[in-house]
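Take the given structure of chain A and dock chain B to it, following the hints.
So the sequence lines, in the order shown, correspond to chains A and B. Be aware that the first sequence starts at 2, since it is given in this note's numbering, and climbs by one per residue. Be aware that the second sequence starts at 11, since it is given in this note's numbering, and climbs by one per residue.
FYI, nobody ran anything at the bench for these hints, they're computed from the structure.
A few chain A positions that, by computed beta-carbon distances, are all more than 10 angstroms from chain B:
1. Pro44
2. Asp59
3. Gln60
4. Ala66
5. Ile67
6. Ala69
7. Thr70
8. Met75
9. Gly76
10. Ser80
11. Glu81
12. Phe82
13. Ser88
Each computed DSSO-like pair below joins lysine-lysine, with the alpha-carbon atoms no more than 27 angstroms apart:
14. B/Lys203 with B/Lys348
15. B/Lys348 with B/Lys52
16. A/Lys36 with B/Lys321
17. B/Lys348 with B/Lys321
18. B/Lys53 with B/Lys296
19. B/Lys208 with A/Lys36
From the three backbone atoms N, C-alpha and C, an ideal C-beta is built for every residue, glycine too.
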Amino acid sequence: MEASISAAASVSVLAMAVIFAVLVILIFTIQALVKLMPYKAPPPAPPRLQTAASENSDQDDHVAAITATLAMHMGKSPSEFRIVNISQR
Amino acid sequence: MEFSFGASATKIITTTGFSSLEGGDAIMLVVACILLYLAIWKKFEPLLLLPIGFGCLLANIPMSMMASTDTGGLLNFFYQGVKHEILPPLVFMGVGALTDFGPLLANPATLLLGAAAQIGVYVTLIGAVYLGFNMHEASAIGIIGGADGPTSIFIASKLAPHLLAPIAVAAYSYMSLVPLIQPPIMKFLTTEKERKIKMEQLQPISQTVKIVFPVVVTIVCCLMLPGVTPLLGMLMLGNLFRESGVTARLHETAETHLINIVTILLALAVGSSMTADSFLRIETLKIIVLGLLAFSIATAGGVIFGKIMCKMTGGRVNPLIGSAGVSAVPMAARVSQKVGSDADSSNFLLMHAMGPNVAGVIGSAVAAGVFISLFGDTVAPETHAAIADVIGTVEPGAKAAISQVVEALKH
Chain A
2 MEASISAAAS VSVLAMAVIF AVLVILIFTI QALVKLMPYK APPPAPPRLQ TAASENSDQD
62 DHVAAITATL AMHMGKSPSE FRIVNISQR
Chain B
11 MEFSFGASAT KIITTTGFSS LEGGDAIMLV VACILLYLAI WKKFEPLLLL PIGFGCLLAN
71 IPMSMMASTD TGGLLNFFYQ GVKHEILPPL VFMGVGALTD FGPLLANPAT LLLGAAAQIG
131 VYVTLIGAVY LGFNMHEASA IGIIGGADGP TSIFIASKLA PHLLAPIAVA AYSYMSLVPL
191 IQPPIMKFLT TEKERKIKME QLQPISQTVK IVFPVVVTIV CCLMLPGVTP LLGMLMLGNL
251 FRESGVTARL HETAETHLIN IVTILLALAV GSSMTADSFL RIETLKIIVL GLLAFSIATA
311 GGVIFGKIMC KMTGGRVNPL IGSAGVSAVP MAARVSQKVG SDADSSNFLL MHAMGPNVAG
371 VIGSAVAAGV FISLFGDTVA PETHAAIADV IGTVEPGAKA AISQVVEALK H
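Extracted from the complex, chain B is given alone in its bound form:
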């Protein structure tokens, strides 16, 4: 082989990343650095934004083969875990192992707050359709309002994989901003007197109920919405590890090492999907605006329903715990505690807010299940797509409207 210094030097120069660096790549490198800055110095969800930011950094180095779309590249392998819906359910297993459903079981009515907060998902869905997204994309954007990162990623990868990066970044960014977004809305919607309401101590729950609960939820919810089984099933399995008392090693693994490893893989995979082609689009700005709308309306929905419960119980429920229905465990519950204690320093709402908070996890998973039933490709789609049968008992006008939706979706 003939060696020429000039040819070799030229070859080395042309194979550096600088030779292929385009404007879009450079902007994405700046975006990656901003994410790293927010994670490290501003402490915005650092466990997620740091690997997401670094994944973005790696993916946008030209010729590095680190983008999620680079077949055979390292992060492409990680991305398969997102694409094939493996990593988000595993994160949910860890979340289940970390979660104590005791406060929810002690006051099951707080499940309604978790349901009410999902209003943000659906108002955002309508807003997204108004801004020109199709129904699949709008569903994936709307679920940001569930304030649940793994659920957002799960739904986005299933219904709108091309929007995965902006949806994941918006979801995690807003989750980290919960302490800034929620308090003004909570204060605006409640009176000083309501914020000072002290709630009764929660009743203790037997260990048997705690053990039976994950099994019952799996049976009830997964039979009703089979599409959500990967998420909810893993959440409940993790919780059963915790509560059964016979799987200490599995519980410990799920709540520590497994969730940490999977978080690294998941966040890097999401970061690797943040390439200039997929991120530097007008849709990203729309998603960021819609994400904020989703969070705000979800918070307002929870607080307003909390006010309704307050009235119905004769003032025994502090409406502030409603905002915790947005999921984002346990940050949203901490915000309820903080706003409550600002009004009255002797008011302790944390455990009461944990009920709607974990209800929000179940609520957002159920909301995801509804989307999968409506728009996803389940094993037996006809049983889920037949919405008309599901709503058979609803008044005829609504039934006709839903039938039209079903027809529209089929085409």
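The following block holds chain A by itself, in its conformation from the complex:
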């Protein structure tokens, strides 16, 4: 029994040493990785300028959304609609 327990103790010491060795290697590897590939904060998003082009783009989106909704309501295909005039109020 004593021999078994001393064998178990030896295995335990060895195994803990192996675990610490493996994880210490991993620690150094991670530190190296973090140093080699540092975190770079993403550049701040440029402020959105209200230009004529973007205004048009927004208007197109609105037209598309309204057309699709109307088409669904009337049971028709959106391609059946032809927008001839958009007047600003």
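Chain B alone, transformed into the frame defined by chain A:
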């Protein structure tokens, strides 16, 4: 064919389960109902204890052919996934897909807490040998201290398949009891002042590091301990699905449907191994006691190492995060948070505790790898069993002791 009412009735009666129900089966049916009660009404790891309990229920219905040992039975097919070490690694893949290693990468020193908590595995190993288990059985029992169900099942099926049922039940039962087992130990080993320590915010980690990490861990750990490759390799593959950003569908499958399906199969297979013959033994009681010892010592080991790190860093590490080194993700980290916030409601330890928590997963997998290297039948056993070569740089006394162990194991 001649039909006789009396003979037919007798035949039906003799083919009911009641006619073959023995005392052991009846006790196991009660055990199954207790597991179902704990899962449903007490919410003890219900995702696992419920199918385990139901698997146990099915396995102990006489003549149902649902025990893991019933060749050709349904659950025998499921059990092949345990026997051939397929299901635990697949669960690990799902765990990897669910795990964010960011906190660990931000504070890699917490890996040491994951290593320190493995002390519970080895103290239990010695305790199990003291109680009369052989080294293979003791290793499988000790790994309960890793607080990692799939690892416990993996090692038990490899080293002591006859103890699989009690080991799995003990592992999952104690994992569900982490919020009850850990806090008293954590409070006993730390002062109020230590529990109130606030840790600095973790540094952000680049996505490239997160992508490279699973590949590096696989190369480093699996080259050192090839026996652990099925577990650790799958864990890291799941994590690579998550972090690579190019496999969204695989990531989603691994972290949801796959892990759920595999959990059902695994838990039913484990439950099917809980027959009266394998479970109603004095060894089961010993394993349940040793499992509690394993959990308690693992928690204490993590907290004590946390205290050491606290001293070495001049009080920048809260020792409470050490208890999370026992794995049991994320419950152990939540317990660290809870005990920390009990001491100071403005103390947020959760993300800091996630570092040692996921380190515990790697630590317990490495501990399993050491056991497989020592006692398992790997492809090239001589390269792993040659412990004397591995410890070539250790002092001569220890080397001689290990050589004796190797010789003892060979016989």
